[in-house]
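S.K.: Please work from the sequences and hints to get the whole structure.
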Amino acid sequence: MKLNNQIKFIGIIVMLLLARMVDAQILVSGQVLDAASNEPLIGASVIEVLSPPSVNPAGTITDENGNFSLLTTSSTPTITVSYTGYEDQTLAGSGNNPMKIMLAESSELLDQIVVVGYGVQKKSDLTGSVGSLKGKDLERVVTPNVEQALQGKLAGVYVTPASGQPGSGATIRIRGTGTLNNSNPLYVIDGMITQDASSVNPQDVDRIEVLKDASAAAIYGSRGANGVIIITTKNGSKNKEPKLSFSSYLGSQDVIKKIPLLDGQSFASAYNQLRNQEIYKNIDSIGVGTDWQDEIYRTSPIKNIQFGAGGSNDQVSYNFSTNYFDQQGILESSSFNRVSARLNIETKLKPWFTLGNNVSYALINEQLAPGVVGTAYRMPSVLPVYNSKGEFTDPTFFGLAVANPAADLAFKSNNHKKESRLLGNAYGEISLLKHLKFRSNFGYYVRSSTTRTIEPKFEVSASQLNKNDRLGINIDNPDKNWIWEQTLNFFKEWKRHTLGVLVGYTAEERKSDFFGASRQGFPGDADELFYLSSGNDTTQMNFGGASDEALTSLLFRTNYALDDKYLFTASMRVDKSSRFTPENRTGYFPSASVGWNVGREPFIESLKIFDRLKCRASFGILGNQALGDRYPTTAIIGTGQNSVFGSGENLNQGSTQLSISNPNLRWEISRQTDIGFEAGFLGNKLELEVDWYRRNTYDIIAAVPIPAYVGSQNSPFVNTAEVLNQGFDISLNYRKVGNISYNFGGNISPIRNEVLKLAQGKSEIFDAFINGEPATHTIVGQSIGAFFGFQTDGIFQNAEEIAAGPSIGNEKPGDLKFKDLDNNGIIDGKDRTYLGSVIPTFTYGFTLGGGYKNFDLNIDFLGTKGNKVFNEKESFRFGVYNWEQHVANAWTKDNPSTSEPRVTNGGHNYKVSDHFISDGSFLRLQTINFGYTLPKTWTNKVKIDGVRFFVSGSNLWTRQTYTGYTTEFPNSGSPFKVGFDGGVYPIAKSIQFGFDTNF
Amino acid sequence: MKNILKLFIVIPLVFTSCSEDFLDRKPKGNLTADTFFQNEDHAISAVNAIYSNFRSWEYCGLPFIGATDIISDDADKGSTETDAFYLAQVDNFLFDPTNETFSTIWNGHYRTIARSNIAINKIPAIEMSEVLKARLLGEAKFLRAFNYLRLVQWFGEVPLITSQLTDDQFFTQKRESKQNIYIQIEKDLQDAISGLPEKSKYPATDLGRVTKGAAKGILMKLYMLQGKYTNALTIGEEIVNSGEYSLMPNYQNIFSRLGENGSESMFEIGAVALQASIAGSGATPYNMVQGVRGVPNLGWGFNRPSDDLIKSYEAGDPRRQATIIYVGEVLPDGATIVQDNPEILNERFNQKAWVPNHPGLQDNGPGNIRLLRYADVLLLCAEAANEINNNQKALEYVNMTRKRARGTNTFILKDLTITNQTELRAAIRKERRSELAMEQQRWFDLQRWGILKDAMIAAGKNFVANKHELLPIPQTEIDLSAGNLQQNQGY
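Just so you know, the protein sequences line up as chains A and B, in that order. Note that this note's numbering has the first sequence beginning at 647, numbered continuously upward. Note that this note's numbering has the second sequence beginning at 394, numbered continuously upward.
Calculated directly from the structure, the hints in this document are not laboratory data. Given the structure is predicted, the values throughout are model-derived calculations rather than measurements. All the given hints hold, so there is nothing to weed out.
The calculated lysine to any residue pairs, modelled on SDA-like cross-linking and capped at a C-alpha distance of 20 Å, are:
(1) Lys-1403(A) - Ala-875(B)
(2) Lys-419(B) - Asp-1125(A)
(3) Lys-421(B) - Pro-1228(A)
(4) Lys-1623(A) - Phe-1522(A)
Computed footprint of chain A on chain B; a stretch qualifies when at least three of its residues, placed anywhere within it, have a C-beta under 8 Å from a C-beta of chain A:
(5) 498-508
(6) 545-558
(7) 686-698
Even for Gly, the Cβ is constructed at its ideal location relative to N, Cα and C.
M.R.: Here it is as structure tokens:
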């Protein structure tokens, strides 16, 4: 934005400040707290009591810190403070000092306040579908990443960990896979918009809201179509006394399970079957051979220490935390450690003017293991790690060599990334008039990393070698982002009416750049020599690049409630994105919703069944920018298309237009409908929430295949295709407090994903090619990226059976028989069919908890049902690899198996078929947490408020039929390649011991 | 209050007016289609990019070897029994139009054509030296013609695209008659002949760019394909008489580093293995896919010279040994002996694609890909002369390659003296096979001679007449064309 425009903004703010000074009433301010917990109450209403009663009394609601300030008409006012679920309190207001008002919980369950885009709302007033989670629900999961901690917790939110690499994130799908490209939700961390939540320490999280429907998410316009995850970090707890907390845990992790592979003897026997001769003569002498999984996995420690301090005085509230997290990976040579600090401060400079600042800074050291999971799976177990000379074994004896994973770990793991992350926001809030607040928020996110990769000279085999020692330095600045939001908030409650209006405008910019250099040939192998300057300067290489984008938006939302029963919300966002040409740059994203608190109608109240009951419905249009490419409408000239000429074989620079671009590209559009109800029974101890939704995504941006004769290197992006996601989000919770407390809760999310339309002239998308054959097929009427291939029909037992057909042509006894679906007597491409979907028919999670005296127990389960998984690592064969244990039962003349084909090494039995597809359903004990709190009578003597010790376990038990480590293989890049187990870093199971103290 | 509200109306307007500048973002560090083709450097660069695609997997990788040598009687699939199953189907004529061999080569060749089209369309408007402009256009037109000649021989009628297609044309192309494709190829080659310099006129740093001689050589091939033998012989003799080319004395050296852009080279694609741990920017997969699999581990071991090929050599022809690597053989670099790989039965490898150990891994292939040799032109001269009953001339030409092959050994490959046209035709064809074996020529020759069926059946393949003479149009193209492209007969 140009400087003169910034000056204009500042000028406007100054004028607004002057404007409010003309008012001359007294200002009552204070804070509303829960009498029991001292927690601030967000959204409590504070209303001046006038005599005689006025239709328009002055009123406000408390902000997210429980603070309020109210301009009263009387100089000796009386105010009433009320909050759903709490007893009302009426008291005299004072303009001198901020008041501190303690509300006692009423017998009814307290009504929740939820954070929505650019504000907060009472849950009872909400007309949209929002899932909420408290920070303490996340802390049970041992992970440095908030995304992974969300798994299984909320209906309609499907989380799959990207991998077990320490520090890695997760792929999140809210209400299904909405598009053919980027289906990741938007993240909003204290107002800063980010692409993931990796920069937040889970223990700093106060609450998470997931905006699931159009009513809730449309305020995020062009980026709301995949849902929005709003993360609010802990703010200064409103205690007069500073509070300190200290907690720590220490744990031990192991790989979640091992894949059953053939041991040395069984491998030798299978290999003899493969070659049909006695290559291995004395099989018994071979023994178990090498367990390559044991060679790469280890038992590894995990540590976490958190210190926090928070408090407030009349003007300032603050919360400070610092955290040290250290996780050694279960795979050798992988680790993640992070030191982070956060300081959230809010200062009430004047009764009408608040300044705040949230900032977190983290330093991360990461070591990424080389890709050895797949090679450990493939290495024949007869091969030793080292040969007789003590060198790493060269596995080339078997033709095309697999890389020896132990050698890769030794030579390729000197790979260290140091990253710093600065994330925060600063804001000012001005009460302009009685009911009008202006807020300006500036958010920033800066990420910078340096990776050093040192690869020594080594030679294990002709394909596993490095002829020159090499140092590579990569400097990556993937985020240099800022956002500036100006919002004006009006809120007023009358006797029967409540009206809220939000208007705002925002501007944001995202930039990234990277730079890298390398040299080879270092004069020695001492650590201090591995800097670029000592390398051979004739081998130097460098590279670099940058990209940017910008977005400006206008936003508007209004909420209206009549008698707290009839609720209306409407919103509109207008986005302009730099990604599109000026003609297509502007998008309008409206939404409207209604709610009806039926429970407050006399005819329902008289039933005395429901403590609360609300119905709601919403409709809205959201967008998706969808692409990773920041300049999708511009045809870029591809470089590096070099040619070789001359007697000296010199490279001649070549460049040309390689791919077709589409300047007419527009936003993706998603039309979303939601109908839901919420009910509370048994004194609100039992709560049920059910939503039905329909997400219809139109104009999906997809790289649509064009005929190859066009000669484009890439398929151009066009607006095409339509995908439907339809399903239910159901959650049920019961809690009983008292001496013996217990609770249980569960959520289940059935979903149906269906492609409604594909590109013009393109009725099907084949992808995920394995051995040259597509393993997914996306067509109208089926789910995105459905598995595709031959259906097996047993095993050919003899030559006569093969001759009787149908067959492909080269089959031998013991080979898989495929179904001739078109009954034409031959097996060909037309006999391939739908083999199941990677999208679960439903996902679910449930929690059981209980407490008795000083003991507490909490158990979380999660699972999926109906999804399939493709064992890609088993289906890829280019040489002699190890086999999974089921191959020990392979067909032979003496063992006429009807399910396990003869031992082969590629070819017919490795065609893409359901032989490699397994049920991906699973049920996992995600966490189990058992705690003991020391009696207060002991701890109070040493001025400690509380000490709790706990032992917890993660992923200790899983039920699945699939042989792989886990059954979920997300792909954040392409929906056509999901569910393929190609050998990713598996997740760990772990046990932790720890304690929490407060003093 | 009213004034404040006014301000909030004004602010969005301010915001909108500045936002267009704020939102105007250009790709960083890249030329775009709008800023390219402004000067001479851009023109050269765009032409270089055409050559570059000849080194891509889609152009010269395994599918290409499959659709040339492996499909012919020169070679079997090779490698382990089950690796690259789709090529086993090609080898035995068990393929259907979904086989990736066909989509891959189709892709590679049309991409090269698209790059040529961009250069041919854009270069004329650039202000630059007219001589250089004519040369660059000549290069681009030659390269386009070369690709269409291959496509028309493989697939028959194909879409003839000579401009940059716009989005409304993407799905509407139809197959063009062979006759019209031939006309376009001839026109492009005539333009190339007039715009291109002879090989000797290029500076040493540009050695390897296409030449007048290369364009004449490919035009000669076109005439042979059309049965225009007189025209073919005329242009062939123009090449012979230009004095630009001569046979290398040692046959084996043609395919070594020595032979790269040597006296016999008329058109080849330069490749170089720069220091790299992965495929360098000048490398090809051509050597890797055909390299020895096992010990020494130089590649994937595809394209196994067939028994039929071995039998076809005259007794003692040293070209057999120079074409095939056997187990136990000492490789030309003298350093290594090929060992038996238990995973492959009777392995043999294509020596013409052999390169000594190179920096980095196997994919860093440094061997230039020979696409037109002088010996090829001489044998075509012999063939053309024989077809127009000039048997003396035919013998003169055919004996040139035999002479070179026998070297100083006068007991083998004696000069041919046959005068009967039919017998001489057979002898020339046999000589052509021995001279050009495993150089991806055989399939096209058999097709041109109209004897594919006999040769394939003799080699024991499941060849179906009136079907397999042409490869199938890739199924993906048929599917995408919404009825505009029809499949070849029999598929």
